[in-house]
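Starting from the given sequences, assemble the full structure and let the hints guide the process.
Sequences listed follow chains A and B, in order. Position 238, counted from 1, in the first sequence is what my numbering calls 272; the numbers after and before it change by one each time, with no gaps. Position 116, counted from 1, in the second sequence is what my numbering calls 150; the numbers after and before it change by one each time, with no gaps.
Please keep in mind that the hints were generated in silico from the structure rather than gathered at the bench. Some hints could be false.
One copy or any two copies: either way a pair holds, since identical chains are not told apart in the list.
The list that follows gives simulated cross-link-like pairs (lysine to any residue, SDA-like), each with its CA atoms no further than 20 Å apart [as the list claims (entries may be wrong)]:
#1 Lys266 <-> Arg373
#2 Lys429 <-> Ser419
#3 Lys343 <-> Asn432
#4 Lys266 <-> Glu329
#5 Lys429 <-> Arg239
#6 Lys258 <-> Lys324
#7 Lys118 <-> Asp439
#8 Lys216 <-> Ser419
#9 Lys396 <-> Glu99
#10 Lys118 <-> Lys216
#11 Lys266 <-> Ala444
#12 Lys266 <-> Arg226
#13 Lys164 <-> Asp142
#14 Lys343 <-> Lys429
#15 Lys38 <-> Met94
#16 Lys343 <-> Val428
#17 Lys164 <-> Gly363
#18 Lys324 <-> Glu394
2 protein chains.
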Amino acid sequence: MSPKNCMVAQSGGPTVAINASLAGVIDGVMRSDMYDTVYGSLNGITGILNNDLTNLSELMQQNSEYLDRLKVTPAMYLGSCRYKLPNYLDDDSSYVFIFKQFETYHIDAFFYIGGNDSMDTVLKLSEYGKKIGSPVRIVGIPKTIDNDLCETDHTPGFGSAAKYIASSLLEIAHDTFIYAVKSVTIVEIMGRDAGWLTAASALARNGYNTAPHLIYLPEVPFDKEDFLLDVKRMLFERNNVIVAVSEGIRDASGNYISASESSVDTFGHSQLSGAGKTLEFLVKEKLGVKVRSVEVNVLQRCAAHLASKTDLDEAFTLGQKAVALSEEGVTASMVTIRRISDSPYEIAYEHAEIRHIANEAKSIPREWINDAGNDVTQPLIDYLSPLILGEVPVKYENGIPVYMDVSHLAKHQ
Amino acid sequence: MSPKNCMVAQSGGPTVAINASLAGVIDGVMRSDMYDTVYGSLNGITGILNNDLTNLSELMQQNSEYLDRLKVTPAMYLGSCRYKLPNYLDDDSSYVFIFKQFETYHIDAFFYIGGNDSMDTVLKLSEYGKKIGSPVRIVGIPKTIDNDLCETDHTPGFGSAAKYIASSLLEIAHDTFIYAVKSVTIVEIMGRDAGWLTAASALARNGYNTAPHLIYLPEVPFDKEDFLLDVKRMLFERNNVIVAVSEGIRDASGNYISASESSVDTFGHSQLSGAGKTLEFLVKEKLGVKVRSVEVNVLQRCAAHLASKTDLDEAFTLGQKAVALSEEGVTASMVTIRRISDSPYEIAYEHAEIRHIANEAKSIPREWINDAGNDVTQPLIDYLSPLILGEVPVKYENGIPVYMDVSHLAKHQ
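Laid out in structure tokens, this is it:
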């Protein structure tokens with residue numbers, strides 16, 4: 035009897051949890067009675083097209099510490115891609131080759147860990163597979179710091195990014211409060227269309243820290259005059275005003291509040307930068323007060339040294355769950371999280387049809403944002419709070435974190 | 035007999051270790067047979083002028099966890115200031131008032147924790163005190179992420195910032211290596227006149243990570259043509275080139291490589307931003323390759339969740355040492371660290387006359403930078419390596435770090 039193998043790939047932008055899901059898939063296959071080997075496709079779906087595959091089962095046998103180390107390693111161990119599959123009705127050549135590869139490697143199930151665009155790939159592969167009567171199960175595993183996937187309560191990677199944002203905002207508050215002079219600090223946070231991550235800055239508020247004092251999200255049209263009035267009012271109450279702002283804020287006409295020129299990526303998204311800088315200039319010009327902007331950099335999506343334990347544990351379990359579902363014959367689906375209660379925090383792992391997820395995006399409900407559109411409300415805090423709980427012990431060597439060796443990603447360079 | 039008390043203040047820019055030195059001073063006074071109470075002056079020397087003082091001995095009696103919590107709290111618990119004392123020959127009114135306050139509070143020793151500008155204050159108070167025959171001992175305790183103070187092997191705050199830079203650079207490398215396309219990532223790191231912190235990015239190199247591939251420091255004149263050739267050569271060897279660059283790089287004429295206009299702070303320093311952005315535009319224009327710049331933000335000086343244990347322990351010990359020296363009658367001095375050996379790492383705590391330190395700055399020796407001026411040499415690595423060793427357990431509550439309540443800094447707001 036020929037072996038039954040699995041294949042897994044990662045795609046889209048980095049998160050801290052995407053390798054935890056990979057570790058969950060590997061662990062699921064290792065524990066499976068049905069599956070033999072799990073192969074990794076390097077750089078997303080393009081690894082299958084370029085025959086750039088790696089034997090992950092073998093890798094794990096080399097060192098018993100690798101699975102735990104993989105779980106805490108940031109970004110993608112297998113690399114990523116931004117490749118968009120063509121519609122197979124227009125051009126099915128890549129589909130033909132991908133499913134031929136599945137046959138060659140005796141692949142019974144393919145797992146794709148990614149965000150919105152990656153779920154588009156899952157949908158297309160599922161539809162083509164159904165059309166040709168392929169037995170290969172195709173299951174998506176969600177990840178995105180943006181938390182904007184439908185049908186799942188939240189996405190792996192978001193909780194860790196939210197923990198990083200909340201902790202960093204608190205540390206920036208300590209950095210800001212030291213001077214007894216009026217000042218405005220504008221913190222720009224990632225999130226093109228949804229404000230989930232910017233909203234998480236509210237979790238920095240504790241017994242003594244009231245920052246951020248204002249929060250602006252893409253879900254509410256941004257008005258410069260209202261913003262200046264908000265800041266003026268806050269400056270009347272206190273010396274140091276800290277503002278959290280999403281990179282994706284737009285005016286009532288839908289134009290981004292951004293100083294820089296915009297370009298468009300392969301998926302048609304505008305590339306943004308500069309909302310924070312734009313508001314910094316605005317405050318300087320109109321209010322004449324000391325002002326700085328802080329663009330929280332790529333570390334918000336890759337600072338694995340500050341991951342949420344809740345997040346990594348869920349990401350790992352979703353990887354295991356995807357394997358278990360494929361064993362039951364589930365395909366054309368994505369594993370999901372359903373929330374049962376906020377407090378005590380309780381969830382269930384489920385799955386949903388991929389056609390309800392791909393190319394859809396989930397925004398923050400308007401009622402979870404205050405009427406003035408400059409802060410969040412309690413239900414949003416209640417939703418966010420459990421996701422950042424728990425810390426993950428990272429090993430250090432020579433003073434820096436120990437992650438998985440990713441030199442294989444440079445092998446063709 | 036009247037009590038013998040101490041006073042302590044903090045000044046300059048934030049670091050992760052400046053409260054560890056404050057904790058060391060408090061601990062030193064609490065253990066002292068000579069001293070009774072330690073007062074904190076809020077917002078540097080201006081707290082004495084405004085009679086804005088707090089009883090730190092009382093604070094520590096409120097909760098036995100406070101000393102440990104203070105040790106890991108970022109920025110200044112007592113707040114900071116950028117106030118520059120006038121020359122007392124021109125205007126001695128503030129000096130008269132400060133020494134009157136010392137009498138009122140029975141102050142026997144004054145400790146000032148800060149960087150270069152703060153040591154200027156220590157020098158001036160020492161000189162004035164000597165002139166009027168005051169018995170008050172004035173002792174400086176160094177701190178600066180810039181590591182540019184003379185007479186001490188290194189400065190508290192630097193090791194933690196260096197650990198943050200090295201760890202972050204490694205995480206940015208993981209974030210960068212995922213795409214199999216040519217790209218340049220420019221990471222801009224703090225350091226106006228000295229490149230110590232930018233040099234610490236080299237500690238991110240481990241068994242598999244060779245980034246940063248190029249390092250540019252203020253100690254070597256920056257040449258745009260040489261830079262473009264360096265990047266082109268590196269792009270030939272690998273896909274993803276990561277460049278670490280100091281905010282303070284200058285051309286051969288001494289002009290900052292910066293896109294933004296410069297302004298001048300109260301100490302006459304140019305305010306910088308934009309070296310990374312400038313080089314990003316340059317690479318985009320001249321090489322036409324995918325490029326991004328990452329300005330490592332204020333977290334490099336306040337991310338206490340990733341402090342170096344070596345750094346915080348040394349900062350604490352220097353605080354204790356300052357108290358012990360003052361008991362011996364030492365004044366007009368700064369506590370210092372002398373390195374005995376790199377490996378095993380061994381140091382001695384000493385002190386030096388403040389007149390040799392104030393208004394001087396320590397750059398990286400030219401021989402610790404390679405001939406091409408685009409990387410560091412082994413002696414610099416050997417010097418830096420021990421400073422980032424060890425991690426500090428920070429407590430978390432509700433998913434964010436537990437630091438000292440600093441709401442008193444807002445009390446006048």
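List of violated hint numbers, smallest to largest
Hints 1, 4, 7, 8, 9, 12, 18 not satisfied by this model.
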